[in-house]
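Undergrad: One-letter residues, chain by chain:
Protein chains: 2
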Amino acid sequence: MNSKATHRVVIVGSGFGGLNAAQSLAGADARITVIDRQNFHTFQPLLYQVATAGLSPGEIAEPIRSILRRQKNIEVLMAEVAGFDLERRVVQTDDQEVAYDSLIVAAGASHAYFGHDEWIPFAPGLKTVEDAIEIRRRVLLAFELAEREASGGEPPAPLNFVVVGAGPTGVELAGTLAEICRHALAQDFRSIDPRQTRIHLVEGGPHVLPAYPEDLSRSALEQLQRLGVEVLTSTMVTKIEPGVIFMGERRMNAAVILWAAGVAASALGKKLGAPVDRAGRVLVQPDLSIPDHPEVFVIGDLAALKDKSGKMLPGVAPVAILEGRYVAKLIRREIEHGETSPGKRWPREPFHYWDKGSLATIGRAAAVAQFGKIHISGFLAWLAWLFVHIFFLIGFQNRVLVLIQWAWSYFTYERGARLITGSTKLPGWRQWDSGQSVNSKDGQEMSTKTYK
Amino acid sequence: MNSKATHRVVIVGSGFGGLNAAQSLAGADARITVIDRQNFHTFQPLLYQVATAGLSPGEIAEPIRSILRRQKNIEVLMAEVAGFDLERRVVQTDDQEVAYDSLIVAAGASHAYFGHDEWIPFAPGLKTVEDAIEIRRRVLLAFELAEREASGGEPPAPLNFVVVGAGPTGVELAGTLAEICRHALAQDFRSIDPRQTRIHLVEGGPHVLPAYPEDLSRSALEQLQRLGVEVLTSTMVTKIEPGVIFMGERRMNAAVILWAAGVAASALGKKLGAPVDRAGRVLVQPDLSIPDHPEVFVIGDLAALKDKSGKMLPGVAPVAILEGRYVAKLIRREIEHGETSPGKRWPREPFHYWDKGSLATIGRAAAVAQFGKIHISGFLAWLAWLFVHIFFLIGFQNRVLVLIQWAWSYFTYERGARLITGSTKLPGWRQWDSGQSVNSKDGQEMSTKTYK
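Chains A and B, in that order, give the protein sequences. FYI, in the working numbering the residues of the first sequence are 1 to 452. FYI, in the working numbering the residues of the second sequence are 1 to 452.
It should be emphasised that the hints constitute simulated quantities derived from the structure, not laboratory data. Among the clues, some could well be false.
Since the list gives no way to pick out one identical chain from another, each pair is judged satisfied if it fits inside one copy or across any two copies.
Here are the simulated DSBU-like pairs of lysine-lysine, each with C-alpha atoms no more than 30 Å apart in a straight line [stated by the list, open to error]:
hint, residue 1, residue 2
1, K271, K425
2, K425, K270
3, K425, K127
4, K356, K329
5, K425, K72
6, K373, K356
7, K356, K311
8, K127, K239
9, K311, K270
Excised from the complex, chain A in its bound form:
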């Protein structure tokens, strides 16, 4: 640690926002502490590749310590943040207190189940590496169990996979799952035919990729349908039970149900005592600080801020990255000018987000991209997506490995990381056949009646 420095900066969370804030404070005259409950940074845009067995977790995750190793004024603590004492200016972890002069909270967000958290074990979301491994386990296991039943004499029933929510995550999950069934797994089974698997993408709104311009939404829909995904728009999920999903009158048996709808900001937002919106995001000032606490900043998916046009900034990596750099620059300047005492903090340049465009992938050579007025679809958009993501992937080694794996699966349709680890049970597997419902809190139990 830089012992001469007296100004202490604490950064909570090491996603895109927290990490970029830390990196932008390189060489600053401050002692910086990054606190995260995990020891690695997850490259979230590629989580769906882990969930669909295309990449290994290690290839999209990098230890926070090695990313920040050369910044001697930074220490990293792996700890769970329990709360804050803004008056005493300390962050409380489960076993200690960490004092700060400037605080940056970048704790991110996860999925919202619209007040139905009881659905979580039956329809996992995709926000962490653990989530991705769990989804991979369920998808691969569904085929294994179906093959086992069919080889044991049961009539093979085509599998249903349901993805809830047609935002970028839902779209890439559905598209990639459809590909796997048609290609990677097509030749691997003897008693079932994975190509018969039906992938359903359920969206409450009228369009897939709602945040995108309508022409791109339409194009995305066509590309999804070309991949064999059955898209249900304007359809609300009303209930989820083990292995069964209800959409109003409609009831569908599903071997795997995945949740990619809604946003729920980290619970740490509320603990700052600042106003939050319905999703729990902190309503920050134009300088990303919270009211009455110019020394406390909230960035990334946890922050709610409107741009000049009054449109809410989207919860995407570019926004978090720029917010992290903006706050770091601001703290730096105030340290250099000795303006860190509350009275002298003003005026601050408000944060301005300049939208460079957005990309969403759908599957093999399928994507949509918007760069200002320019809208592109298909192979070109997919190439753009690919190179942007490999370029921003943290760690040179990861870039090489991911590039190889993608080239490999592009030409062979192979999926390199098809590991089932952990439990070998699926919540509600075939429970609709056994007529016996499943009593499960952790989603690990299942009915074995069907095997009798």
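Assemble the complex: chain A is given as a structure, and chain B must be docked to it using the hints.
TA: Relative to the frame of chain A, chain B by itself:
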């Protein structure tokens, strides 16, 4: 499935033995079923690389289905085998029965805790991918918790890692752990110094690598000591508690304890009703079948067979591979000659193992190798080890990925897969300070007193 074929072969287990038996039955006039409780083949010789964060699980594991995809006469079932009915010639899984005409049992072995299974949660072994991930978690977590304590004001106490058993697995674990502490992690912490970590390798016998010629054992010992490993030979472990290991009078606090001693054959061996040795290995006939059941074969680590010189064949991959091929050839020939009825099965050529040599790695550019009369050590032996293992690694993609990762970490000392997933607790972490013992069955509990 090949519907014309009438002869049914069931192979239990898809390690080196089972997999090679299956592959050698390619095109045979038989219906083959491979049953494994996991959906992937694990390249066990590289498990220690996963445990030490050098490789990702996906890089040393390959889905059994994709390995055997092109063999249309083979079906793969992911299921747990519960037992056998040798009279009715069926394998019983947890939910169905699979009939056979020829049975190959290759269920492998795990570690023996010498009747102290209560030590398992406090000293995990390294036999499966799950084991490797758990060991990786514990090793990395030990440093994170120590850094957290030290940054919280506790005096940093140097960490002790203990590896029990100095066979090939114990030696490579101890050597690689020593390297990581000196290099990969050296710059990553601010409050502790990983180079102060003490790696202890405890062996009950007088030498490390007991199965190797004495000059190579001596060389291995020197190479270990050069890496900074403290080797304790002729030392028996008498008790293990959470975070504490006892060797007779000696009591040592240990942040991580790893078990690499003893061999316990799979419990399926006993269920065959054939005689077994103390380790539970099945005492097979010279043709690897069991008494009175020429149609039932046991191969790999589960089989106990002496060579001409009366020496027990070692539990290593080359033996299992050759046994698998031998049995497959034998079954093939008897099918072709219609000799599958018990009366006509004789005579059979006995299995003969021709030892091509053995290799053991110790760490970066450190290894020992024996090819008949030729004994080599150090860099050359390590190169030999490296190329043999990359060559036998299943899946071209894996070979490329592993080669890149090794080249990368060889030149940069980096470890690419430093992920802590799962629980963030360590059994008995610092419990000797809190004076409060830990009550834990699954090894996930710990005392948090020390953080107060």
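Undergrad: All hints are to be evaluated individually against the structure, with a verdict given for each.
TA: Hint by hint, here is what the structure shows:
no.: 1; hint: K271 x K425; result: between (37 Å within a copy, 25 Å between copies)
no.: 2; hint: K425 x K270; result: between (36 Å within a copy, 27 Å between copies)
no.: 3; hint: K425 x K127; result: both (22 Å within a copy, 22 Å between copies)
no.: 4; hint: K356 x K329; result: within (21 Å within a copy, 63 Å between copies)
no.: 5; hint: K425 x K72; result: between (46 Å within a copy, 28 Å between copies)
no.: 6; hint: K373 x K356; result: within (11 Å within a copy, 67 Å between copies)
no.: 7; hint: K356 x K311; result: within (15 Å within a copy, 71 Å between copies)
no.: 8; hint: K127 x K239; result: within (22 Å within a copy, 42 Å between copies)
no.: 9; hint: K311 x K270; result: within (23 Å within a copy, 69 Å between copies)
The structure shown violates none of the earlier numbered hints.
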